[in-house]
Amino acid sequence: MKKQMTIIFIILTIIFLTSCGSNEVNRITGDVANINQGNNSTDTGAEEQDIPAGIESLSQPDYKGYTFTHSGTIIAIDSDFAPILKALGEPRAYFEAESCAFEGLDKIYTYFGFEIDTYPQGDRDFVSAIVLKDDTVATNEGLRIGSSRAEMEAAYGTPRINDNGQLIYDKDGMRLCFIIDGETVISIEYQTTVLDL
Amino acid sequence: MLFTSYEFIGFLLVLFISYYLIPKRHQWKLLLVFSYLFYFIAGPVYLLYITATTITIFFFALKIENLSKRKDENFSGDKKVHKALIKNKKWRLLLFALIINIGILAISKYTNFAIANANSVLRFFGVAAEKQFGFRNIIIPLGISFYTFQAVSYLIDVYRGTVTAERNPFRFALFVSFFPQLIQGPISRFGDLSKTLFLPHSFDRIQVSYGLQRILFGFFKKLVIADRVAVGVTEIIREPDIYNGAFVFIGMFFFALELYADFTGGIDITIGVAQVLGIKVAENFRRPFFSKSIKEFWKRWHISMGTWFTDYIFYPVTVSKPMLRLSKWSRKNLGTALGKRIPIYLASFIVWFTTGLWHGASWNFIVWGLANWIVIMISQEFEPLYNRFHNRFPRVKEQTAFKLFQIIRTILIMNMIRSFNYYRDVPLTFRMWGTMVTERNWRIVFDGSLLGLGLSMADYVILLLGVVLLVWVSLKQRNGAVREYISAKPYWVKFVIWYGLFLSVLIFGAYGIGYDASQFIYNQF
Amino acid sequence: MKNDNRVNYIRIIATILIIVSTLYLLTRLMMPKYDIGVIEGALVAEYYDEVKGHDLIFIGDCEVYDNFSPAVLWQDYGINSYIRGSAQQLIWQSYYLLEDTLYHEKPPVVIFNVLALMYNEPQREAYNRMSLEGMRWTPAKIRAINASMMESEHFLDYVFPLLRYHSRWKELSSADFTRMFKKDKVSHNGFFINIGVKPAINVPEGRILANYNFGAKAMEYLDKMTALCLENGIELILVKAPSLYPYWYDEWEEQVKVYAKANGLKYINFLELIDETGLDFMTDTYNAGLHLNLTGAEKITHYLGEFLLNNTSLADRRGEADLATRWEEKLLLYNREIERLSAGLDVE
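Protein chains in written order, with numbering that gives the first Met the number 0: chain B, 0 to 196; chain W, 0 to 524; chain V, 0 to 347.
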């Protein structure tokens, strides 16, 4: 009796061991190694490491996530806005959006073809969003308002879709969001994730 | 459910109260229910894994013990042959159970590490990225390294005949799943823990208050010290290019403090919880930073893990047949001096390699383990040299200054080795070590740069006071238990001490929304 | 022996007293002093000090407390009103504030500002705090908290605010000590006076959205609000304050119109009444079109007053002596505050 039970348990163990893991195959790029360093706070004792650390050293990019380039100036999400403003020059229009109750100002700088939003942190402003407004400008990967869905997927791969139906590409803690009407891109927006709580 | 969550505190309150209200003979059953509940909350799927380990080890241990008993009763036939047969059968059962359980551990924890390594080999041979292996989404059950080791130690002990197999599967299940030690140890031995785990316990005011005091002190270490200094550590690691030179050196101390406060704080909570329940869990630390050598350090830090590796890896490997053969061969061919060393060094190499691997599935940990091994081996080789020195200057050894030198040296070496654990990869770690020599940026200590690590002056003051308290407690401990020392004081003195500690956790603890890094918007409150 | 026992009892009682009182004092000390800081956080609590019996209760976000002046409604129309709004007050928070209000009084008319429909999830813990903390403990508050909490929040933090604000020890100022037990009134029946002027120029147009439908949770609470008013014989009126930013999409407008019609509710969109109200976005807003300043608020309040007297059961109550005396006092404070602000005495 006991022998039989033992055998059954062994078989069960083996079955569930082989079954888990095989269903979902994930490809993880090297970048996760960096993220992984963050949750090191427990240590020697705790061993939970979900993602394997990268084996080889990874060179870090100078800019975070997808970037937008306008007349030679590279604009990246969450970067300090002061040097960018200097390089781009006076905007066509400027708007300060006060948030209810808090003193910090979210600022909107409108240039021909695109807008840049900033959020304050300390005494500096950082880029929170870049919005492409018309087809005179394009992403670094060549997408512009009016491009097709196929072009978008060719440039960025398959997007994830959020609750509102936006198509999203996440990269290095920022996201590039598209809105498609029919088969045509009607909105392109780079967004920070720092402000989502 | 983190130890430092409201939920855990609520969980403990319900457990403590019901534990002492129900009939004593049912107490351990209640513990089993709560342990499984604790694990269930962490992740229902995890239960599959822990029950698989529990059941297989339980049955195999029983089988092995039954075989051992049978041999005494059976007199017919050739005793020797029969004995050998039994021994062989036991060995195969043991091996089978080990393969299953170490297998579960290995597959869930190391598959992706193996894939990453295989891929880098493929890359070396020019295989395109698309053709390499994809990583797999594998569940790593909470605390699997700890409970697997604990269960395996029991199995081997039964095999060796040093403990009697538990006949009640539920009691054994409690031993494996006892929740306070599930997440981070200590790795208790069945012989130790079973002495108090299943006994009926009456409410003992002194033990309960000592237990609660220990839990409180654990919270203090974890929330006030570890989680506070963690902010600085994370920042230093996050931007190695900015935080080089002196920052690397300071980062090592920050990390040592974080690790110590985090880990011993957690263990304090574990042991404290057990103490409130009347259960004795063995100590896992003995003032490790007072160690005079790395070897001594490892006898005083994470003790239950060190002894586990000694008992279940080092010892069996040294007396294993291939090792004995190697020993014989090397003595014969390489001379006694070297020949004697080789097997020992090889065995400890295996111990440190597996220790590293056990800590985490990455080369960082493996290199960290081997770095420990190298330092220990070197200091062993230098021992004759030290001895000669001390024979020549016999008084040096006794001097406080020399002892202090040894302690500081040990701390520094451990700091260096530990940096493998937290930098992104091994080459980066070496590079950062290099910057400590090349970058002469010591001014950062005074020019306010340290305030840019996310820690304010107020935080540093709290940390400093916290460290002073830790050192005081450690020094005091050398002459006996601190809680006993305090409990002998008048009521209001005790009250001020413990309530003060409680308030400092409540106010200065780095918990809650105000401490979430992404919450900068609240600075305006 | 007996003596020993007595000493023990006294000791236990003293211990408990010390613990309770220190924790209470620490909580008072650590809580943000909204009335001298982010004053929007003080709005919700002020309602409880009022004599009840209002004709009209406003519920909503900054679009109510910045844009409608109860003082004007009384002075010129004899309508006794109160605004229960706070910064980014989500629709479920407005709903539960209405439930909370019903524990105290049953106003004949309730006005809800519809901007909050755009949020289907809680946005910021800080806003949750400001909307919820001031509420008195009732089942409505418990439900409001449960409906509002973000993932990082915990119910206990609302029960024991010390757990939430303990980290403020680093930034305590002398005001935290001197103002532990004292609070100044910041609003005038929930209205927050602002006399600054910042013309609305360069207001960005609305960005393209992937989905223009209000969220299910937001609509669910609008339904609940409608039902609650119906049950209690309250007339619910929907309004949209004339804010240029955040952008009010046509698609949103359409949904509100359809809803109002289907439920027999009156709906006033002040964005479409710029000429009728005489609003001038060069002079009537203090932050470039987001909120109105005093002159702007008074303009649309006049329109609203007329509308209410002509289209609802509300009547001019200026003849009621008690009420008139109370309001006389209120108007005195209201005018004094305007004078103070105009004289530039407001040092911010």
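Where hints are given, some of them may not hold.
[Unchecked claim] Result set (SDA-like, lysine to any residue): computed pairs, CA atoms no more than 20 Å apart in a straight line:
#1 B/Lys63 to W/Lys493
#2 W/Lys493 to W/Ile512
#3 W/Lys493 to V/Ile18
#4 B/Lys106 to V/Ile18
#5 W/Lys488 to V/Trp247
#6 V/Lys169 to W/Gly453
#7 V/Lys184 to V/Arg339
These aren't lab readings, by the way, just hints derived from the structure by calculation.
Q. Given the hinted pair lysine 493 of chain W and isoleucine 512 of chain W, is their alpha-carbon gap at most 20 Å?
A. violated, 32 Å
Agreement of lysine 488 of chain W and tryptophan 247 of chain V with the hint, judged by alpha carbon distance not exceeding 20 Å
Violated, because 69 Å separates the two Cα atoms, which is more than 20 Å.
inquiry  = Does isoleucine 18 of chain V sit within 20 Å of lysine 493 of chain W, going by the straight-line distance between their CA atoms?
reply    = Holds, because 14 Å separates the two Cα atoms, which is no more than 20 Å.
TODO: Sort out whether glycine 453 of chain W lies within 20 Å of lysine 169 of chain V, counting only the CA atoms.
DONE: Holds, because 13 Å separates the two Cα atoms, which is no more than 20 Å.
Hinted pair lysine 63 of chain B and lysine 493 of chain W, Cα distance within 20 Å = Cα-Cα ~54 Å, so violated.
**Asked** Given the hint that lysine 106 of chain B pairs with isoleucine 18 of chain V, does the C-alpha gap stay at or below 20 Å?
**Response** violated, 47 Å
Original post:
Between lysine 184 of chain V and arginine 339 of chain V, does the CA-CA distance stay at or below 20 Å?
Top reply: holds, 15 Å
Consistency note: the structure conflicts with the earlier hints numbered 1, 2, 4 and 5.
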